[in-house]
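Colleague: Keeping the supplied structure of chain A fixed, place chain B upon it in accordance with the hints.
There are 2 protein chains.
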Amino acid sequence: MTSGVPHLTTALNGPLLKLEAILLEKQTQVETWLRQQWLKTPAPFYASVDLRNAGFKLAPVDTNLFPAGFNNLNPSFIPLCIHAAQAAVERVCPTAKRVLIVAENHTRNLFYLESLETLRDIFQKAGMEARIGSLLEDIKEPVSIDLPSGKKITLEPLVRNGNRVAVGDFSPCLVLLNNDLSAGRPDILENLEQEVVPPLRAGWSTRKKSDHFTQYNDVAKEFAEQIGIDPWLVSPLTLQCGEVNFKEKSGIECLARNVNNLLTSIRAKYAEYDIDREPFVVVKADSGTYGMGIMTVKSAEEIENLNRKQRNKMSSAKEGLVVDNVLVQEGVYTFETLGDEKAVAEPVIYMMDRYVIGGFYRVHTGRGVNENLNAPGMHFEPLAFAQSCSTPEQNDLPDAEPNRFYAYGVIARLALLAAAREIA
Amino acid sequence: MTSGVPHLTTALNGPLLKLEAILLEKQTQVETWLRQQWLKTPAPFYASVDLRNAGFKLAPVDTNLFPAGFNNLNPSFIPLCIHAAQAAVERVCPTAKRVLIVAENHTRNLFYLESLETLRDIFQKAGMEARIGSLLEDIKEPVSIDLPSGKKITLEPLVRNGNRVAVGDFSPCLVLLNNDLSAGRPDILENLEQEVVPPLRAGWSTRKKSDHFTQYNDVAKEFAEQIGIDPWLVSPLTLQCGEVNFKEKSGIECLARNVNNLLTSIRAKYAEYDIDREPFVVVKADSGTYGMGIMTVKSAEEIENLNRKQRNKMSSAKEGLVVDNVLVQEGVYTFETLGDEKAVAEPVIYMMDRYVIGGFYRVHTGRGVNENLNAPGMHFEPLAFAQSCSTPEQNDLPDAEPNRFYAYGVIARLALLAAAREIA
Chain A
2 MTSGVPHLTT
12 ALNGPLLKLE
22 AILLEKQTQV
32 ETWLRQQWLK
42 TPAPFYASVD
52 LRNAGFKLAP
62 VDTNLFPAGF
72 NNLNPSFIPL
82 CIHAAQAAVE
92 RVCPTAKRVL
102 IVAENHTRNL
112 FYLESLETLR
122 DIFQKAGMEA
132 RIGSLLEDIK
142 EPVSIDLPSG
152 KKITLEPLVR
162 NGNRVAVGDF
172 SPCLVLLNND
182 LSAGRPDILE
192 NLEQEVVPPL
202 RAGWSTRKKS
212 DHFTQYNDVA
222 KEFAEQIGID
232 PWLVSPLTLQ
242 CGEVNFKEKS
252 GIECLARNVN
262 NLLTSIRAKY
272 AEYDIDREPF
282 VVVKADSGTY
292 GMGIMTVKSA
302 EEIENLNRKQ
312 RNKMSSAKEG
322 LVVDNVLVQE
332 GVYTFETLGD
342 EKAVAEPVIY
352 MMDRYVIGGF
362 YRVHTGRGVN
372 ENLNAPGMHF
382 EPLAFAQSCS
392 TPEQNDLPDA
402 EPNRFYAYGV
412 IARLALLAAA
422 REIA
Chain B
2 MTSGVPHLTT
12 ALNGPLLKLE
22 AILLEKQTQV
32 ETWLRQQWLK
42 TPAPFYASVD
52 LRNAGFKLAP
62 VDTNLFPAGF
72 NNLNPSFIPL
82 CIHAAQAAVE
92 RVCPTAKRVL
102 IVAENHTRNL
112 FYLESLETLR
122 DIFQKAGMEA
132 RIGSLLEDIK
142 EPVSIDLPSG
152 KKITLEPLVR
162 NGNRVAVGDF
172 SPCLVLLNND
182 LSAGRPDILE
192 NLEQEVVPPL
202 RAGWSTRKKS
212 DHFTQYNDVA
222 KEFAEQIGID
232 PWLVSPLTLQ
242 CGEVNFKEKS
252 GIECLARNVN
262 NLLTSIRAKY
272 AEYDIDREPF
282 VVVKADSGTY
292 GMGIMTVKSA
302 EEIENLNRKQ
312 RNKMSSAKEG
322 LVVDNVLVQE
332 GVYTFETLGD
342 EKAVAEPVIY
352 MMDRYVIGGF
362 YRVHTGRGVN
372 ENLNAPGMHF
382 EPLAFAQSCS
392 TPEQNDLPDA
402 EPNRFYAYGV
412 IARLALLAAA
422 REIA
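Top line first, the protein sequences correspond to chains A and B. Be aware that the first sequence starts at 2, since it is given in this note's numbering, and climbs by one per residue. Be aware that the second sequence starts at 2, since it is given in this note's numbering, and climbs by one per residue.
Isolated chain A (complex conformation):
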């Protein structure tokens, strides 16, 4: 069976990553340590993690506990998803026969609907009846939508009956959220007797990126100690500013100061590792997703001199969430590129339970190596990973394809562990 996926050859000719060699050499220790961690803190039901690979460092920049994009995974690895879904369900509700998926609210986004239908189908193939409930008020009866792939998806209105939610007469013991709750925790989902995964508190209405990265930094430190590396090689430096209001220009000074401090720290690290690049930082909303409220800066002056348009953009996170807490994070260069055009390619890794089930590259031709590819309106081409992230080859070079994918899977699982601790 062919996957129809080209190998990312140019990307794989990037600078040899020492880290990959160490992860390969210490693979048994890495996996043993991770297994011990999962015994202490069970993995979230599912997640996707955006990574940046700068060659000299490999780090997560975003961990999504309500992943979309399942349609971008390599169809060859759907069996992995199916087995992982069975394991994930077994952990939270061993007797579950059915699952009700609560969808994200952007019904007109066909890419999202393709992902949703792929996710539903994974559960069907795992032997669970799966149906999709929508919170949208304008969905008052089941709606079937034809998808570009030729598949069809059916969305049904989510209704509450006592302490249970249902679509029609379908009210299973397991409710799977695929809605990140950016708009807040909806009443209809509060105090259910059903098992709700991930828990409501994992939604963006309560979750803070800064909490995640605080946990991540601890995880990275512990992990780095295990295998004898500098934790900086796997984690972005991060600072947090409270009470920033871009519209009213309050808190901007604190932000500029933190940007400056962080740039200084990155510069020191670059000097330590002889990296001849200009440091940059990413400023983003502490809550929320979809790349809104994100900006890349190379100096504190850029923050001080923001124009009205830029300030407005930073204020409008998804579904009107007001940006007040702001994360200032080390920007990690993306040095993986594809083809003659040197299209920037960023890996996204998918996990269910503690298993890495696959991933894809976001490939973008029109953007630089230090820009965010998940910005609003940004178009990317997904390029499914040609191989799984579970088959390191000791006899191959550290940066051979299976070993690079393995490294992705390891770092993504560190982010998964951070998320597990975050929502525990």
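FYI, nobody ran anything at the bench for these hints, they're computed from the structure.
Which copy is meant is left open, so a pair is good if it fits within one copy or across any two.
Dumping the calculated DSS-like pairs for lysine-lysine here, alpha-carbon to alpha-carbon at most 30 angstroms:
#1 K152 to K19
#2 K98 to K41
#3 K209 to K250
#4 K19 to K153
#5 K19 to K270
#6 K209 to K248
Modeller: Chain B in isolation, oriented as in the chain A frame:
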């Protein structure tokens, strides 16, 4: 990534299997029922199951709790094996970091050694240090052997220290038997404080095929009731004869009588389902493996008129095990063939824990549809399954490739469940 595996097109043009349609239609019930069963009786650590697909019925004929042939699986699905190995280890010994594999004794069989090294590598990739211990007396120090695949395998002498076994100073908490103990339970493995899987009692020195098929018939009945089918569609009729000595010609009359009774029962079933084929039965040793002591007969007279050579052959099971109990089993035709030559192809399914991890066809050009392809000295060409057994496609025809593979996986798991109950 291509798997380099041709699709078994001709085989898939066989008679439409009603059973496949039912398994597909009732997939959720099938999986739910299986999940419930694993909660009651945990799956064996690993197993392979030989199936026969007659078009009108699909049944297991042999369940191996110490599987070899891992090298015949599609490399694309090794990630499935790795995840399943992690799950299997987690169930028996969650803190295990290392595994000691106890090998079969035929060191000169390069096919077996390829399988053994593939198995060891699966554990390595799953993040466990894995080494191989041999019981052979002529292995007194570590021996490295170059394999046809270009890999190298290292066998080390298994030694006992107190209540533990080890190779060198490697004495992990988990000991995985890949030796079917046909020659008896070796003293060195008795009363270990280490976790030994599968348990010694699962070895052929104590295990009886008749026990397995007694359990299988119960499983098949319960399963058939769940999905509303005749259990005969998934199980071979089986009778047992005790105290048969082919060399001394004792017990032969009982055997002939049972052969006759079984042929009559099969004939009745063939009449019920309008099957225009000549029934046949397979006579085999109740213990043991490797296809020794197996014979195909179409009448009781064939049993009564066995010549000395045939009787001697039936007496010599693997490693001199004397045949005394004999299983008389309905022969299931193999109507899957490959290519213009109509080479007979028999599926073998591999499982770890409760997960189907893959399979292959034994393809043989020189034998008939009612002969045993796993006979001593028989050469077969392995043809790895092109797809996994976990991705049924509701929108495809019931006998489309993914659905046929799914059916194999279901019936193989019924045999796995029977084995689980057998060794519980």
